[in-house]
Amino acid sequence: MSPQEEIYRHLIYATAARRIPVLVMCNLTYRCPLCCKHCFAEDPEPGGEELSLAEYASLFDRLVAMNTFFLTFSGGEPLARADFLDIMAAARERHFAVRIFTGGSLIDERLAAEIASLHPSGVEISLHAATPELHDDFVGRKGTWEKAVAAARRLRELGTSVVLKMNLMNFNYTEMKEVYELSRSLGGAFRYSPCISVTNKGGTAPARLRMTDEQLRDYFRTLKDWVVAFSRDGDACDEEIGPPVRFNKRALSCLAGANNCSIDPYGTVWPCVSLPFDLGNIREKPFAEIWGGEEAERFRALSDVIAEECANCDLDRYCSRCPAFSMLEEGDIRKASREYCRFARAAKEVLRRPLR
Amino acid sequence: MAYRLKKKEIAYRKIGDEYFVLTPDDNMLHNVKGAGVRIMELLDDGKDEDGILQVLLEEYDAPAAEVEADLASLLAELAEKGIVARNDG
Ligand code: SF4
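Going line by line, the protein sequences match chains A and B. Under this note's numbering, think of the first position of the first sequence as 1, with each following residue one higher. Under this note's numbering, think of the first position of the second sequence as 1001, with each following residue one higher.
Bound conformation, chain A alone (with noise of 0.2 Å):
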């Protein structure tokens, strides 16, 4: 383990044992300019009043009082607020590491420059194609392809941190080298996930963009081959806090709710965006007390079940479950992922010994 990773497990695992909301991941609009088609996040409350700049700013003073100290802004798209620099500047003022998870369409080179000088410990831009007008297609407007990698380029420019990100599905998984390369030609690393969960209101329209049986053994094949150049196997859950937790065979097999959590537009907090388990809302009750609360110990009791199904599995070393993808498609988070089991299965066949 090299010592970064030793610092980041160190940080993660201490502050888990200790129940510090050490990331919080805000999402600050559903509003976004583009409509891709495998989009998980269904707004739970259209036309809701987002919370405004300074219940934001009350909010980060709460979570600096918990050490909280990684902050995502995601959407929706974050950038769609018109007040983003103002929430972002207010992060950075209280010294949180900032990360935001944009389309990058809205970014052009002013809104680089803004970005770059509040320091954000990362830019993470989804881009699912190296062709244009693939991407575009998916994404639904012509010339955003153009846009996010410009915008990638004048951040990494500037000297911000940068990740292109990717889903894996049927119609673009031969393009992932093709993406990898162009990250590491403007000088940003690459993350890709072959995970394409349903929405989270429990939508299915993004399931038909899965990868098939054998797209997903020829997708291992080239993981099998590239697995020195890639430094992840695909699974991109708490990647942006260090390496993935280990698999377990609880119900709750991730750390959601025990050092992390998501915050909705409306104060809503979830101990994951896919996890839909209301844990109280930050205009009624204050942040600690949510946190401390009832529900959330209800939810984190969760990681004392096995899941029952996973118990004999003997397909557990391929396997990361996601109790996001057990909750929203079976129905209850005890159960095993069809999906993950479909994974493990393909994984096995290739691989004969995991990659890690």
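Treat the hints loosely; a few may be bogus.
Here are some, though not all, of the chain A residues that point toward chain B, as calculated from beta-carbon distances under 7 Å [said to hold, decoys possible]:
hint, residue
1, Asn67
2, Phe69
3, Phe96
4, Ala97
5, His119
6, Ser121
If we take Cβ atoms under 8 Å as the criterion, some of the chain A residues that face chain B in the derived model are [unchecked claim]:
hint, residue
7, Met1
8, Gln4
9, Leu11
10, Tyr13
11, Ala14
12, Thr15
13, Ile20
14, His95
15, Pro120
16, Gly122
17, Gly159
18, Ser161
Distance windows between CB atoms, simulated [to be verified]:
hint, chain 1, residue 1, chain 2, residue 2, range
19, B, Ala1064, A, Asn281, 54 to 64 Å
20, A, Gly187, B, Ala1085, 17 to 27 Å
21, A, Gly293, B, Gly1034, 28 to 38 Å
22, B, Glu1066, A, Arg31, 54 to 64 Å
23, B, Lys1014, A, Leu158, 21 to 31 Å
24, A, Arg298, B, Ala1076, 43 to 53 Å
25, B, Lys1014, A, Ala301, 54 to 64 Å
26, B, Asp1025, A, Glu5, 13 to 23 Å
27, B, Gly1051, A, Leu85, 30 to 40 Å
28, B, Gly1034, A, Leu134, 44 to 54 Å
29, A, Ala301, B, Tyr1060, 25 to 35 Å
30, B, Arg1004, A, Asp278, 39 to 49 Å
31, A, Ala301, B, Gly1034, 52 to 62 Å
32, B, Ala1064, A, Ala14, 31 to 41 Å
Hints listed in this document are in silico derivations from the structure and should not be mistaken for laboratory results. Beta carbons are placed, not taken as given, at the ideal position from N, Cα and C, and that holds for glycine.
Position chain B with the ligand relative to chain A; hints supplied.
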């Protein structure tokens, strides 16, 4: 030589008895432990090297030359990591 914490550039938080610092230029996460923690606190309070030395001399029962040398070496280490910078540069 006066050092300052690069507050505008870095991200940092004291968690338990150590500081975690992220330096965005190289995207590295550092943890500062032991004597470095007190120095980070004093830098965060806006103290310069002389000010930090005065506080440490009051707090530690050790020869002044030793405290001064330790402080200089810890500041140099923090500078190497990109956590502090000299005021003149
Ligand atoms: S492969 Fe399926 S049954 Fe086995 S551990 Fe993964 S989700 Fe559970």
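Structure-based check of each hint:
For Asn67 of chain A, the shortest C-beta to C-beta distance to chain B is roughly 5 Å, which falls under 7 Å, so the interface hint holds. Taking 7 Å as the C-beta contact cut-off toward chain B, the hint placing Phe69 of chain A at the interface holds, the least distance being around 4 Å. Because the beta carbon of Phe96 of chain A sits about 6 Å from the nearest beta carbon in chain B, less than 7 Å, this interface hint is met. Interface restraint check: Ala97 of chain A against chain B, minimum CB-CB distance 4 Å, threshold 7 Å, status holds.
For His119 of chain A, the shortest C-beta to C-beta distance to chain B is roughly 5 Å, which falls under 7 Å, so the interface hint holds. Look at Ser121 of chain A: its Cβ gets to within about 5 Å of chain B, closer than 7 Å, so that hint holds up. A cut of 8 Å between beta carbons decides the hint on Met1 of chain A: the least distance to chain B is about 14 Å, and the hint is violated. At its closest, the beta carbon of Gln4 of chain A sits 6 Å from a beta carbon of chain B; the interface hint therefore holds under the 8 Å criterion.
Taking 8 Å as the C-beta cut-off, the interface hint given for Leu11 of chain A holds, the closest approach to chain B being about 6 Å. Given the 8 Å rule on beta carbons, the hint for Tyr13 of chain A is violated: about 12 Å separates it from the nearest Cβ of chain B. Interface restraint check: Ala14 of chain A against chain B, minimum CB-CB distance 7 Å, threshold 8 Å, status holds. About 7 Å separates the beta-carbon of Thr15 of chain A from the nearest beta-carbon of chain B, less than 8 Å, and the hint is met.
With its C-beta approaching chain B no nearer than about 7 Å, Ile20 of chain A sits inside the 8 Å limit, and its interface hint holds. Interface hint at His95 of chain A: satisfied, since its Cβ lies 5 Å from the closest Cβ of chain B, which is below the 8 Å cut-off. With a cut of 8 Å, the hint placing Pro120 of chain A at the interface with chain B holds, because the nearest CB-to-CB distance is about 7 Å. Annotation: interface hint on Gly122 of chain A holds; nearest CB of chain B at approximately 7 Å, less than 8 Å.
Interface hint status for Gly159 of chain A: upheld, as the beta-carbon distance to the closest one in chain B is roughly 6 Å, under 8 Å. Because the smallest distance between the Cβ of Ser161 of chain A and any Cβ of chain B comes to about 5 Å, under 8 Å, the interface hint for this residue holds. For Ala1064 of chain B and Asn281 of chain A, the hinted distance range of 54 to 64 Å is satisfied, since their beta carbons lie about 55 Å from each other. Distance hint for Gly187 of chain A and Ala1085 of chain B: a CB-CB separation of about 23 Å, consistent with the stated range 17 to 27 Å.
Between Gly293 of chain A and Gly1034 of chain B the C-beta distance comes to about 36 Å, which sits within the given range of 28 to 38 Å. Range check, Glu1066 of chain B to Arg31 of chain A: about 59 Å between beta-carbon atoms, so the 54 to 64 Å window is met. Restraint check, Lys1014 of chain B to Leu158 of chain A: a C-beta distance of roughly 29 Å satisfies the suggested window 21 to 31 Å. The beta-carbon spacing between Arg298 of chain A and Ala1076 of chain B, approximately 50 Å, falls within the hinted interval of 43 to 53 Å.
Checked against the hint of 54 to 64 Å, the pair Lys1014 of chain B and Ala301 of chain A fails, with Cβ atoms roughly 30 Å apart. Distance hint check for Asp1025 of chain B and Glu5 of chain A: the Cβ-Cβ separation is about 20 Å, which falls inside the suggested range of 13 to 23 Å. Look at Gly1051 of chain B against Leu85 of chain A: about 34 Å separates their beta carbons, and that is inside 30 to 40 Å. A beta carbon spacing of about 53 Å between Gly1034 of chain B and Leu134 of chain A agrees with the range 44 to 54 Å that was offered as a hint.
One distance hint, 25 to 35 Å for the beta-carbon pair Ala301 of chain A and Tyr1060 of chain B, is violated here, with the actual separation near 46 Å. Hint check: Arg1004 of chain B to Asp278 of chain A, Cβ distance near 44 Å, so the stated range 39 to 49 Å holds. Remark: the range hint 52 to 62 Å for Ala301 of chain A to Gly1034 of chain B is contradicted by a beta-carbon distance near 37 Å. One distance hint, 31 to 41 Å for the beta-carbon pair Ala1064 of chain B and Ala14 of chain A, holds here, with the actual separation near 35 Å.
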